[in-house]
Structure formats: structure tokens, C-alpha cells
Amino acid sequence: MINWHTLFFLLFAVPTCLFAVAVVASANVVRMAMCLIASLAAVAGLYFLAGADFVGAMQLMIYVGGTLVLLVFGVMLTVQGPSVSLKISSANWLMAGLAGGALLIVLLSAVVGIEAWTSKAVAETAPAVEAGHTVAPLGMGLLGIRVDQLSQQDPTLRRGMSGYLLPFEIVSVHLLVVLIGAAHLARAKRRRTASTPATTAPLNPEP
Amino acid sequence: MNNELALLNNYLVVGAVLFGIGAIGFLSRRNMIVMFLAAEMMLQGISVSLVAWSRYHNDFGGQMFVVFIITVAACEAAIALALILMLFRASGSLDIAVWHHLREANQPAYVDEEIPEPPPGDTAAWPRLVPAGIEPEIDREDTDHRPHV
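So the sequences go chain by chain: A and B.
With the first sequence counted from 1, adding 1019 to any position gets you my numbering.
With the second sequence counted from 1, adding 1266 to any position gets you my numbering.
Wrong hints could be hidden among the right ones.
Stated by the list, open to error - For each label pair, taking beta carbons as the anchor points, the in silico distance ranges come out as:
#: 1; chain 1: B; residue 1: Ala1375; chain 2: A; residue 2: Val1166; range: 52 to 58 angstroms
#: 2; chain 1: B; residue 1: Pro1374; chain 2: A; residue 2: Val1040; range: 29 to 35 angstroms
#: 3; chain 1: B; residue 1: His1367; chain 2: A; residue 2: Val1088; range: 47 to 53 angstroms
#: 4; chain 1: B; residue 1: Leu1368; chain 2: A; residue 2: Leu1096; range: 30 to 36 angstroms
#: 5; chain 1: A; residue 1: Leu1198; chain 2: B; residue 2: His1323; range: 29 to 35 angstroms
#: 6; chain 1: B; residue 1: Met1352; chain 2: A; residue 2: Val1091; range: 14 to 20 angstroms
#: 7; chain 1: B; residue 1: Met1352; chain 2: A; residue 2: His1152; range: 40 to 46 angstroms
#: 8; chain 1: B; residue 1: His1367; chain 2: A; residue 2: Leu1198; range: 27 to 33 angstroms
#: 9; chain 1: A; residue 1: Ala1129; chain 2: B; residue 2: Glu1370; range: 29 to 35 angstroms
#: 10; chain 1: A; residue 1: Pro1186; chain 2: B; residue 2: Val1396; range: 41 to 47 angstroms
#: 11; chain 1: A; residue 1: Ile1124; chain 2: B; residue 2: Leu1368; range: 29 to 35 angstroms
Claimed, not checked - Partial list, derived from the structure: chain B residues whose beta carbon lies under 10 angstroms from chain A:
#: 12; residue: Asn1275
#: 13; residue: Ala1282
#: 14; residue: Phe1302
#: 15; residue: Ala1304
#: 16; residue: Gly1311
#: 17; residue: Glu1342
#: 18; residue: Leu1360
#: 19; residue: Pro1397
#: 20; residue: Gly1399
#: 21; residue: Ile1400
Just so you know, these hints were derived from the structure itself, not from any lab.
The beta carbon of each residue, even a glycine, is placed where N, CA and C say it ideally should be.
Extracted from the complex, chain A is given alone in its bound form (with noise of 0.2 angstroms):
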């Protein structure tokens, strides 16, 4: 019989990675951009494998519907002519390469290493996520109550499970002013003529 699970992952978990390559390999920064649109939506689909059906929604829509596409338009805005294909040099290659590998090596060492989380015994004990459900107690959670905690009885363990208001309007806020903020910086010039003079010093790089 077909393993349905693998067969779903291995659909989701095989375009995340070789996009991602792609993204690292290509030399040209809209080919780039389109990589990593589709890399994100391979791993969207992951979530939704994983039971984390408002993630993956969430990614999809911002991450894929908003934030890359707002990053084409930087692409578009900024990259003209012949910088649009970009080589690096080998040397540069090499050291992060090296780098990069060997934290990708002790991070895939520890995954393999670590027995817990290879045993079968720990996942048979531990009940499975009721996959689907999710919108309802995210939504609690983010107003103050773990609604799937209500039957802890010790009242030390509950006092830490209280939910997320605070970093939920933290988090807002935070998103407004940022907002305002990069409207600001991104705003728009006009040309310098005679009649209006310069009142801030030019941003040259060059003392």
C-alpha cells in the first residue's frame, strides 16, 4: 500500500528544497525572487500537512501575496540593466560554502543524533494534533486563553499558560509604526530647482 504521508511530504518537502537551491544558485535577482516565491508556497503545504491549517493560510497570504510581491516591486524599482545578473566570485563561494556547511552539518547531526526524536516509543504516547482545527485556538490564544490547557489543574503551571495578548499588541503596534516608518523613508522625491533649495545635506556616501 501506498504510504500517503510520505508520498505527500516528499511532494511538498522536494520542490522546498531544490527552489531553495535555486535561490541560492541563479544569477539573476527576478529569477531569484520567483524561486523563493515557490519555494514558500512548497513549504505552505507542508503546514497544511502538518495540521497547521491558519500557518499555512497565513503564509500563503502574506508571505506569498504580500510580502514577495512587495519585494518584486523593490526588484523592479531598484534593479536596472547590468545588475540585474549578478556573479560572485569563487572565493566567496568557498567561505560560505564552508561556513554555511558546517552549520548545516551540526544542525543535521543533532536531528539524526538525538534519540527521543527518532524513537517510535515517545510519538506513540504522545496523542495526535486533531489536524484541521487550529483558527479557534490560535484566535484564543492570541486574546488571553489557552483553551486547550483548560484542564491543567496544577495552578503554578497555569499562571504560565495565559495566552498571548501582550505580545499580540506589542506585535501590532509594532506593525503600524513600522509601517508609517517605511512609508517615510520610501517616500517619494522631487527634482532640485532654483527656487527650491536644498534643505538636508545630500546622503553621499563619499566624506
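Since the structure of chain A is already known, use the hints to place chain B on it.
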């Protein structure tokens, strides 16, 4: 049920691969937009791992972290692109090495290739507010430029 059990391990491998590839891309490139793309990929590697932990421990905390990561990544994208636009306008180049003079004072310069010459100074001026209570002088060229304001 066997397929459920291998889930954590598989997801952690995918997360580690995404993080490592992002790190390689971030270290090897000098284009600011490409470095930003690689940083986004590293964030995704962390998110995949967190979702896998969330399922493994049967707890919604991991997914909540991913929600916050996505929000902060959206903030980061907005501010990073605004900064990249500003730096591009100021120097005419996306090369991060143009800004190597921003390093700390006691650090030596590391420039592996020639930096291209910056273009002559920009001819644009920031928009500015007129003083209150005084009728602003109308710029002829400005009104030609934006006839429908």
C-alpha cells in the same frame, strides 16, 4: 500510524536544509536584495521546525510563534525595502560593499573587488512643509510636473 511518527524528524531535516541554504546565500552574496531573500529563507527554516515541534508536543505554542514570526517578517520586509530604496538612491548601487565605511572604527576594510564609481550627486530634493500662515510660493516647474494635485 507509522508515518505520523517520522514526522518530526523529516520536518527538522527540511528546516535545517532551508536554514543552511539561507545562511550560505546570505554569506556569499553582496547584493542587498538577495541577502534579504536569503534571510527570509532562514526565517522559514525556523518556522518549519517550530510547526513540527508544535505537532510533536501537541501544543499550539509553536504555531503561535510562527504567527508572530510571519508578522515580524512582514515588518522586516517593509522596513528593509524602504532602507534598500534609500541606500540605492543615495549610492546608485545595490552592492553592500559601497557602505563599508559604516564599519566600526578599528576594523580593517574588507573589499575583495573594486567598487564601481558612484554616480554624480543626486539632483532630487526632499519635499518640505511651508511655514504656517504664509502663502507658499508656487513653483512653476512643480505645477507643470504635477498638474492634477
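These are the hints, each one checked on the structure:
1. Hint check: B:Ala1375 to A:Val1166, Cβ distance near 56 angstroms, so the stated range 52 to 58 angstroms holds.
2. In this structure the supplied range 29 to 35 angstroms holds for B:Pro1374 paired with A:Val1040, their Cβ-Cβ distance being about 33 angstroms.
3. In this structure, B:His1367 and A:Val1088 break the distance hint of 47 to 53 angstroms, their C-beta atoms being roughly 33 angstroms apart.
4. The hint said 30 to 36 angstroms for the Cβ distance between B:Leu1368 and A:Leu1096, and at roughly 23 angstroms that hint is violated.
5. Taking the beta carbon of each, A:Leu1198 and B:His1323 are about 34 angstroms apart, inside 29 to 35 angstroms as hinted.
6. Between B:Met1352 and A:Val1091 the CB atoms are about 19 angstroms apart, so this pair conforms to the stated range of 14 to 20 angstroms.
7. For the pair B:Met1352 and A:His1152, the supplied restraint of 40 to 46 angstroms holds, since their beta-carbon distance comes to about 45 angstroms.
8. For the hinted restraint 27 to 33 angstroms between B:His1367 and A:Leu1198, the CB-CB distance of approximately 30 angstroms keeps it satisfied.
9. The supplied range of 29 to 35 angstroms is met by A:Ala1129 and B:Glu1370, whose beta-carbon atoms lie about 33 angstroms from each other.
10. Between A:Pro1186 and B:Val1396 the beta carbon distance is about 42 angstroms. The supplied range of 41 to 47 angstroms therefore holds.
11. Between A:Ile1124 and B:Leu1368 the Cβ separation comes to about 33 angstroms, which falls inside the hinted range of 29 to 35 angstroms.
12. Against a cut-off of 10 angstroms between C-beta atoms, the interface hint on B:Asn1275 holds, since the closest Cβ of chain A lies about 5 angstroms away.
13. About 4 angstroms separates the beta-carbon of B:Ala1282 from the nearest beta-carbon of chain A, less than 10 angstroms, and the hint is met.
14. A cut of 10 angstroms between beta carbons decides the hint on B:Phe1302: the least distance to chain A is about 7 angstroms, and the hint holds.
15. With a cut of 10 angstroms, the hint placing B:Ala1304 at the interface with chain A holds, because the nearest CB-to-CB distance is about 7 angstroms.
16. Here the hint on B:Gly1311 is kept, as its CB sits about 9 angstroms from the closest CB of chain A, short of 10 angstroms.
17. For B:Glu1342, the interface hint holds, since its Cβ comes within 10 angstroms of a Cβ in chain A; the closest pair sits about 8 angstroms apart.
18. Against a cut-off of 10 angstroms between C-beta atoms, the interface hint on B:Leu1360 holds, since the closest Cβ of chain A lies about 6 angstroms away.
19. With 10 angstroms as the threshold, the beta carbon of B:Pro1397 stays out of range of chain A, its nearest partner Cβ sitting at about 12 angstroms, so the hint is violated.
20. Here the hint on B:Gly1399 is broken, as its CB sits about 19 angstroms from the closest CB of chain A, past 10 angstroms.
21. The beta carbon of B:Ile1400 comes no nearer than 15 angstroms to any beta carbon in chain A, farther than 10 angstroms, and the hint placing it at the interface is violated.
When each numbered hint is compared with the structure, violations occur for hints 3, 4, 19, 20, 21.
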